[in-house]
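Student: Every number in the numbering used here is 133 more than the matching position in the first sequence, counting from 1.
If you're looking for bench data, these hints aren't it; they were derived computationally from the structure. Everything numeric in this text was worked out from a predicted model, so none of it was measured. Incorrect hints may have been included.
[As the list claims (entries may be wrong)] Ranges of calculated distance between the beta carbons of each label pair, as one might list FRET restraints:
1. Gly-470 with Asp-348: 44 to 54 Å
2. Asn-253 with Tyr-373: 19 to 29 Å
3. Lys-259 with Asn-440: 16 to 26 Å
4. Asp-304 with Glu-386: 48 to 58 Å
5. Asn-147 with Gly-470: 51 to 61 Å
6. Ala-376 with Gly-223: 40 to 50 Å
7. Tyr-373 with Asp-591: 55 to 65 Å
8. Gln-521 with Gln-378: 20 to 30 Å
9. Asp-299 with Glu-386: 58 to 68 Å
10. Arg-279 with Gly-223: 18 to 28 Å
11. Cys-360 with Tyr-389: 19 to 29 Å
12. Asp-348 with Ile-683: 45 to 55 Å
13. Pro-224 with Ile-683: 49 to 59 Å
14. Leu-212 with Cys-360: 37 to 47 Å
[What the hints assert, rightly or not] No farther apart than 30 Å at their CA atoms in a straight line, the calculated lysine-lysine pairs in the BS3-like style are these:
15. Lys-670 with Lys-185
16. Lys-214 with Lys-228
17. Lys-326 with Lys-409
18. Lys-476 with Lys-221
19. Lys-374 with Lys-185
20. Lys-409 with Lys-472
21. Lys-565 with Lys-305
22. Lys-145 with Lys-316
23. Lys-228 with Lys-259
24. Lys-631 with Lys-185
25. Lys-326 with Lys-392
26. Lys-392 with Lys-374
27. Lys-599 with Lys-670
C-beta atoms are modelled at their ideal positions from N, C-alpha and C, and glycine is treated no differently.
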Amino acid sequence: MRMSRMYLPTLKENPAEAEIPSHQLMLRAGMMRSLTAGIYTYLPLGYRVIRKIENIVREAMDESGAQELLMPVVQNAELWKESGRWDKFGPLMIKFQDRKGRDYCLGPTHEEVITALVRNEIRSYKDMPLNLYQIQTKVRDEIRPRFGVIRGREFIMKDAYSFDADYEGLDKSYQAMYDAYTKAFADCGLDVKAVEADNGAMGGEGSHEFMVIADVGEDHVAFCNKCDYAANIEKAAAGYKKAVQEESLKDIEKVYTPKQKTIDEISSFLNIDKAKTIKSLAFLVDGEPVLVLLCGNDQLNEVKLLNYLNGEEIVQVEDEEFEKYFNSTPGFIAPVGMKKGVKILADLRVKDIVNGVTGANETDYHLINVNPERDFTADDYLDLRVVQNGDLCPVCDGRLELKSGIEVGHIFKLGTKYSESLGATYLDENGKEQLIIMGSYGIGISRLVAAAIEQHHDEKGIIWPKAIAPYQVIILALGNEEELIRVSEKIYDELSKKGIETLLDDRDERPGVKFNDADLIGIPLRITIGQKSLKNKIVEARVRRTGDEIEIPLENAIERILEVLDNIE
RNA sequence: CGGAGCGUGGCGCAGUUUGGUAGCGCACCUGUUUUGGGAACAGGGGGUCGAAGGUUCAAAUCCUUUCGCUCCGACCA
């Protein structure tokens, strides 16, 4: 492509709307422009990268035996009502009516459509395993679009759905996707980590997320520094070893603690370690009062609580309702003498507290020398806290390290959630009707572009891994002398003929502009041709990532350029 | 939705406190000279100051309403 004719509007300055590197660079490098919040047009350069990634993903999917199809963007409400998600997914969907007043939505995901499709075709266990996928635009009315294409309201996703006759089949399908994802991300030249994840709203059991580790990531991931344990913080468990306590139990005592409501306040007021305070949190889980106990310096992981209770919704109790539900008072609520019928759940670490501090269920009073099991009993002790940096690994004796990451892929074992609600069944070997076992597998294609930039850029611009670079080579023709043009064009033509995606910067611009644009758009290999180099009968190659400069003699230049290109990652 | 901030030529911003009729840099057009890391000079085009209403002799500036965008929190690929 000749840059003199290319629609490539690069920007010298950062647009005010962008805060993170990938967003800024995608705009500056002329890859995309925004239409409205979270919705973008991909310009030619950006769209090339998207197609590169799509094709790498497509190849890995096809290789795994999955088959590509294309489902509708517009979906009818009846289908979503059938699965029960019309109301549950509700606000996340863009909904509208046709001229007859019938309800529709723009597909935020396609479990419903694919299940409705397949339930009419899969009749027998012999029709499975089956894996169908598509690469398509999804529409979600996100609560808060942000970070450019990382959380858009419209985005390109590869979504796949597997259908199996039994759970062993699902495990195989799931593993095949896990392997395909691992390959696809590696082929893109990205460092992506698979981590254990919570299934969340998607339902089912068992899932992994694929994370690009980056400073701006929206997710937090715990990694073990010794073994390969890795999990999303929503899921991550910390290892637990019973603490050895030397201290002997003292008598419980009530103390006057005026206005000392928070853990911070009470620990400094009583001059006691936060780890010895018992934090009591009052919630209504699906309307039922629950008292959660944590070590004072721990945070509650709500996902763990919900999963244990099999609940849907956690609501903090309003101040006025403490009396009604807990017979207590905000800031001084405690398990000791708690109202009967209130479920008390405690984190494992609470059990180890000796001579701890709790509220007294009475305004301005706390209890000291409180001991679990002697002074109160919990209905259960379980892992309820958010893991912290340096916690013990749950599988070995290593330590957990927290990092932030961008979720670029997520695979789920769905089980029968959708086949049940939408009635997708088959006949087994005995002629008996069975529910189809499903899995669902997503890759955020457009998000992956941004994640790749987060992982591969410097202060001058993007540094594309070769596999997803929009072009492999950029030729800078520095000047407009006849000989210089002739040589540049010749190299451009020959590289193009060899199938190398090549840009020729033939614009009437000063060298500095060309150098800077080349760096900005991140083409892996730059070939510079100017008077200086022509005089010496060479062209200059420069590798974007390493900055390595290589002088290439004009005779057999093409061969050498291909060689150099071959060695770039 | 709660909290914070911002809307002024294509882009980045000043001007708003203290009302007086819009400016700077980049980009763009013409010409001349330039040409190895974002050229210089000369000339030029382009703005309903997000929108609506109000106050005033006079509003980018003050008041009210409204729309949009960004950031922090609850959601997801």
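Student: Could you run down the list of hints and mark each one as holding or not?
Tutor: Hints, verified against the model:
1. Gly-470 with Asp-348: 44 to 54 Å: Taking Cβ atoms as reference, Gly-470 and Asp-348 lie about 47 Å apart, which means the hint holds.
2. Asn-253 with Tyr-373: 19 to 29 Å: violated, 50 Å
3. Lys-259 with Asn-440: 16 to 26 Å: violated, 36 Å
4. Asp-304 with Glu-386: 48 to 58 Å: holds, 56 Å
5. Asn-147 with Gly-470: 51 to 61 Å: Since the Cβ atoms of Asn-147 and Gly-470 sit about 59 Å apart, the hinted range of 51 to 61 Å holds.
6. Ala-376 with Gly-223: 40 to 50 Å: holds, 46 Å
7. Tyr-373 with Asp-591: 55 to 65 Å: violated, 43 Å
8. Gln-521 with Gln-378: 20 to 30 Å: The hint (20 to 30 Å, Cβ to Cβ) holds, given that Gln-521 and Gln-378 are roughly 21 Å apart.
9. Asp-299 with Glu-386: 58 to 68 Å: holds, 60 Å
10. Arg-279 with Gly-223: 18 to 28 Å: About 21 Å separates the Cβ atoms of Arg-279 and Gly-223, which means 18 to 28 Å holds.
11. Cys-360 with Tyr-389: 19 to 29 Å: Since the Cβ atoms of Cys-360 and Tyr-389 sit about 49 Å apart, the hinted range of 19 to 29 Å is violated.
12. Asp-348 with Ile-683: 45 to 55 Å: violated, 32 Å
13. Pro-224 with Ile-683: 49 to 59 Å: About 56 Å separates the Cβ atoms of Pro-224 and Ile-683, which means 49 to 59 Å holds.
14. Leu-212 with Cys-360: 37 to 47 Å: Since the Cβ atoms of Leu-212 and Cys-360 sit about 44 Å apart, the hinted range of 37 to 47 Å holds.
15. Lys-670 with Lys-185: violated, 35 Å
16. Lys-214 with Lys-228: holds, 13 Å
17. Lys-326 with Lys-409: The hint is violated at about 36 Å.
18. Lys-476 with Lys-221: holds, 27 Å
19. Lys-374 with Lys-185: violated, 48 Å
20. Lys-409 with Lys-472: holds, 23 Å
21. Lys-565 with Lys-305: holds, 23 Å
22. Lys-145 with Lys-316: At roughly 36 Å apart (the allowed maximum being 30 Å), Lys-316 and Lys-145 break the hint.
23. Lys-228 with Lys-259: Not OK: Lys-228 and Lys-259 at ~38 Å, beyond 30 Å, violated.
24. Lys-631 with Lys-185: Roughly 18 Å between the alpha carbons, so the hint for Lys-631 and Lys-185 holds.
25. Lys-326 with Lys-392: violated, 47 Å
26. Lys-392 with Lys-374: violated, 35 Å
27. Lys-599 with Lys-670: With Cα atoms ~28 Å apart, Lys-599 and Lys-670 stay inside 30 Å; holds.
In the structure shown, a violation is registered for the earlier hints numbered 2, 3, 7, 11, 12, 15, 17, 19, 22, 23, 25, 26, in ascending order.
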